[in-house]
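Peer 1: Residue numbers for the sequence shown follow the UniProt record's numbering, so the first one is 1 and each next one is one higher.
Honestly, the hints are just simulated from the structure, not real lab data.
We treat Cβ as the ideally placed atom computed from N, Cα and C, and that holds for glycine.
Check before you lean on any hint, since a few could be wrong.
Between beta-carbon pairs, the in silico distance windows are [what the hints assert, rightly or not]:
hint	residue 1	residue 2	range
1	H81	R173	21 to 29 angstroms
2	G224	K55	18 to 26 angstroms
3	R243	D102	22 to 30 angstroms
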Amino acid sequence: MALEHPAYGQLRQVTTTASVVLADNPGQMTLDGTNTWILRAPGRSDCVVIDPGPKDKAHTAAIVAATGGEIALTLITHHHHDHTGGIDRLVAQTGTPVRAKDSEYLRGGTDPLVDDEVIEAAGLRIDVLATPGHTVDSMSFVLDDALLTGDTVLGRGTTVLESRSGAFGDYLRSLDRLVTAGAGKALLPAHGPDHPDAEPVVRYYIDHRHERLTQVREALRDLGPDAGAMAVVRRVYADVDKRLWLAARSSVQAQLDYLRTEG
Numbered sequence: 001m002a003l004e005h006p007a008y009g010q011l012r013q014v015t016t017t018a019s020v021v022l023a024d025n026p027g028q029m030t031l032d033g034t035n036t037w038i039l040r041a042p043g044r045s046d047c048v049v050i051d052p053g054p055k056d057k058a059h060t061a062a063i064v065a066a067t068g069g070e071i072a073l074t075l076i077t078h079h080h081h082d083h084t085g086g087i088d089r090l091v092a093q094t095g096t097p098v099r100a101k102d103s104e105y106l107r108g109g110t111d112p113l114v115d116d117e118v119i120e121a122a123g124l125r126i127d128v129l130a131t132p133g134h135t136v137d138s139m140s141f142v143l144d145d146a147l148l149t150g151d152t153v154l155g156r157g158t159t160v161l162e163s164r165s166g167a168f169g170d171y172l173r174s175l176d177r178l179v180t181a182g183a184g185k186a187l188l189p190a191h192g193p194d195h196p197d198a199e200p201v202v203r204y205y206i207d208h209r210h211e212r213l214t215q216v217r218e219a220l221r222d223l224g225p226d227a228g229a230m231a232v233v234r235r236v237y238a239d240v241d242k243r244l245w246l247a248a249r250s251s252v253q254a255q256l257d258y259l260r261t262e263g
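Use the sequences and the hints to build the structure in full.
Peer 2: Here's what the structure looks like:
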């Protein structure tokens, strides 16, 4: 019987080339846990790993078991610890080189990831897309049959944006890229369940962001143009668990910056 999501510590086949090992680190920000994706071309024993996941011995052991240690390359979607904490243990046990946009996470003499580059490894062709918004270093990866989005698009709910200036505009542009890249391809997110077609999920994200932006704009009309992010959160996210308000504040700050600088 085929495994279904969530299945902790077990290799679950999702597409012809992609399988996943789910880390046992569930939480409000990680949903069911961190998905470590293992990409393997038909007929090949070596593979590419996307995100080693948290610093957790059991999770690393599950990745090593699932790959047989034959990891031609490991790619990082972004720097958050629940994606990168397991890098050094995985490198120590398999010798895998590691690539990321942020040079802090490079291993094995590799170069930083570059937008629009094409990676050929383990018999796979992987197109690289820079998709900032959740973080400035967020990267997505495109296969023939799948789109791997890190935390830029999740399998359930929506993601948190950086509060930095320009993050919201960056994110809208990232979603526009992904809706095109993901048409007819499976969505393989870093958290939450996979989906057979990425396009409708990304379109929902676009609609949701524009809806939230309208709500923030309306809140400013009531609260005044200089209202702070938390005051807006209290108005716009009144029906959301207050434990998530701090994270929502980051996204709202990004939207306030966008409205005050780009309209």
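Peer 1: Compare the structure with each hint and give your call.
Peer 2: Status of the hints after comparison with the structure:
Look at H81 against R173: about 26 angstroms separates their beta carbons, and that is inside 21 to 29 angstroms. Here the CB-CB span from G224 to K55 is close to 44 angstroms, at odds with the stated 18 to 26 angstroms. In this structure, R243 and D102 meet the distance hint of 22 to 30 angstroms, their C-beta atoms being roughly 29 angstroms apart.
Going through the hint list in order, the structure does not satisfy hint 2, though it satisfies all others.
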